[in-house]
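Asks: One-letter residues, chain by chain:
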Amino acid sequence: GAGVSQSPSNKVTEKGKDVELRCDPISGHTALYWYRQRLGQGLEFLIYFQGNSAPDKSGLPSDRFSAERTGESVSTLTIQRTQQEDSAVYLCASSQRGGRLSELFFGSGTQLSVL
Amino acid sequence: EDKVVQSPLSLVVHEGDTVTLNCSYEVTNFRSLLWYKQEKKAPTFLFMLTSSGIEKKSGRLSSILDKKELFSILNITATQTGDSAVYLCAGDSGGGADGLTFGKGTHLIIQP
Numbered sequence: 002g003a004g005v006s007q008s009p010s011n012k013v014t015e016k017g018k019d020v021e022l023r024c025d026p027i028s029g030h031t032a033l034y035w036y037r038q039r040l041g042q043g044l045e046f047l048i049y050f051q052g053n054s055a056p057d058k059s060g061l062p063s064d065r066f067s068a069e070r071t072g073e074s075v076s077t078l079t080i081q082r083t084q085q086e087d088s089a090v091y092l093c094a095s096s097q098r099g100g101r102l103s104e105l106f107f108g109s110g111t112q113l114s115v116l
Numbered sequence: 021e022d023k024v025v026q027s028p029l030s031l032v033v034h035e036g037d038t039v040t041l042n043c044s045y046e047v048t049n050f051r052s053l054l055w056y057k058q059e060k061k062a063p064t065f066l067f068m069l070t071s072s073g074i075e076k077k078s079g080r081l082s083s084i085l086d087k088k089e090l091f092s093i094l095n096i097t098a099t100q101t102g103d104s105a106v107y108l109c110a111g112d113s114g115g116g117a118d119g120l121t122f123g124k125g126t127h128l129i130i131q132p
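Chains as they are written, first to last, in the working numbering: chain Y, 2 to 116; chain A, 21 to 132.
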């Protein structure tokens with residue numbers, strides 16, 4: 002697609018439920034990132050996928066968070082047993098790699114509200 | 021641990037004023053520094069800086085990097101209400117995460 006697409010744009014869920022967030026990166030971008038942004042805060046790195054390499058999960062805050070990506074296409078971020086502290090905007094970004102300096106293209110994010 | 025600190029955290033000025041936003045960084049294996057403008061949810065790319073002392077310019081916006089003192093500034097001249105946004109600075113590391121370390125951003129409000 003022309004840009005990074007995320008869905009849903011807004012998600013309201015009850016505490017304890019699981020949620021799945023989707024990111025469709027720019028075609029041809031090998032790198033895909035998930036970030037979390039709490040209200041009034043900067044972007045917090047969650048997880049990074051680069052091609053078919055093992056993902057860098059060092060930013061995931063707990064084992065309730067997981068993400069998958071098939072090849073160089075769509076990624077899903079899953080949050081199990083959601084807590085109120087999970088409420089935030091979840092941003093996905095993609096970029097080209099392979100010797101080039103990075104430039105991230107962000108999606109519009111998913112606003113997650115846990116009641 | 022990599023760190024990026026932006027100042028001020030918020031700034032309110034009048035239309036037509038010039039503003040300078042600051043970003044200092046401590047990034048292992050530093051490769052570049054990036055500036056983004058965030059309106060609503062999606063940050064949009066402004067500048068990528070890799071070399072010291074070379075100003076990058078786009079319209080009323082300009083930015084420069086000092087790799088000796090480990091900081092960058094973003095200047096906006098003749099500000100307009102459409103410049104109101106959160107401006108994010110990020111350090112690009114060649115480390116294991118191969119990602120960016122973001123600052124908390126400067127929330128800029130331009131009053132008419």
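If you're looking for bench data, these hints aren't it; they were derived computationally from the structure.
Heads up, a few of these hints could be off.
Mimicking SDA-like on lysine to any residue, the simulated pairs with C-alpha atoms at most 20 Å apart in a straight line are [stated by the list, open to error]:
#1 Lys57/A <-> Ser6/Y
#2 Lys57/A <-> Leu61/Y
#3 Lys57/A <-> Glu35/A
#4 Lys18/Y <-> Glu73/Y
#5 Lys88/A <-> Ser78/A
#6 Lys18/Y <-> Thr71/Y
#7 Lys12/Y <-> Glu73/Y
#8 Lys58/Y <-> Gly41/Y
#9 Lys12/Y <-> Val32/A
#10 Lys18/Y <-> Gly4/Y
#11 Lys61/A <-> Gly4/Y
#12 Lys124/A <-> Leu40/Y
#13 Lys60/A <-> Asn11/Y
#14 Lys58/Y <-> Lys23/A
#15 Lys124/A <-> Arg65/Y
#16 Lys60/A <-> Arg65/Y
#17 Lys60/A <-> Ser8/Y
#18 Lys23/A <-> Gly79/A
#19 Lys23/A <-> Ser10/Y
#20 Lys57/A <-> Lys88/A
#21 Lys12/Y <-> Ser28/Y
#22 Lys124/A <-> Ser6/Y
#23 Lys16/Y <-> Lys58/Y
#24 Lys124/A <-> Phe46/Y
#25 Lys23/A <-> Lys88/A
#26 Lys57/A <-> Arg65/Y
#27 Lys23/A <-> Pro62/Y
Going by beta-carbon spacing under 8 Å, a handful of chain A positions derived as facing chain Y [said to hold, decoys possible]:
#28 Gly102
#29 Leu120
#30 Gly125
Positions of the beta carbon are idealized from the N, C-alpha and C atoms, including for glycine.
Asks: Would you mind confirming whether the straight-line C-alpha gap from Lys23/A to Ser10/Y stays at or under 20 Å?
Replies: Violated, at roughly 30 Å.
Asks: Decide if the proposed pair is consistent with the structure: Lys60/A and Ser8/Y, CA atoms, cutoff 20 Å inclusive.
Replies: Holds: Lys60/A and Ser8/Y sit about 16 Å apart, inside 20 Å.
Asks: Is it true that the CA of Lys12/Y sits at most 20 Å from the CA of Glu73/Y?
Replies: Cα-Cα ~25 Å, so violated.
Asks: Minimum Cβ distance from Leu120/A to chain Y below 8 Å?
Replies: holds (7 Å)
Asks: Are the Cα atoms of Lys58/Y and Lys23/A separated by 20 Å or less?
Replies: holds (19 Å)
Asks: Is the hinted pair Lys16/Y and Lys58/Y satisfied, with a Cα-Cα distance of at most 20 Å?
Replies: Status violated; Cα separation ~24 Å.
Asks: For the pair supplied as a hint, Lys18/Y and Glu73/Y, confirm whether the alpha-carbon distance does not exceed 20 Å.
Replies: violated (29 Å)
Asks: Quick one, are Lys60/A and Arg65/Y close enough, alpha carbons at most 20 Å?
Replies: violated (27 Å)
Asks: Given the hinted pair Lys57/A and Lys88/A, is their alpha-carbon gap at most 20 Å?
Replies: violated (25 Å)
Asks: Tell me if the straight-line CA distance from Lys23/A to Gly79/A falls inside 20 Å.
Replies: violated (29 Å)
Asks: Can you confirm whether the C-alpha distance between Lys60/A and Asn11/Y stays at or below 20 Å?
Replies: holds (13 Å)
Asks: Need the status of pair Lys18/Y, Gly4/Y: alpha-carbon distance at most 20 Å?
Replies: violated (30 Å)
In this structure, the earlier hints numbered 2, 4, 5, 6, 7, 8, 9, 10, 15, 16, 18, 19, 20, 21, 22, 23, 26, 28 are contradicted, and the remaining ones agree with it.
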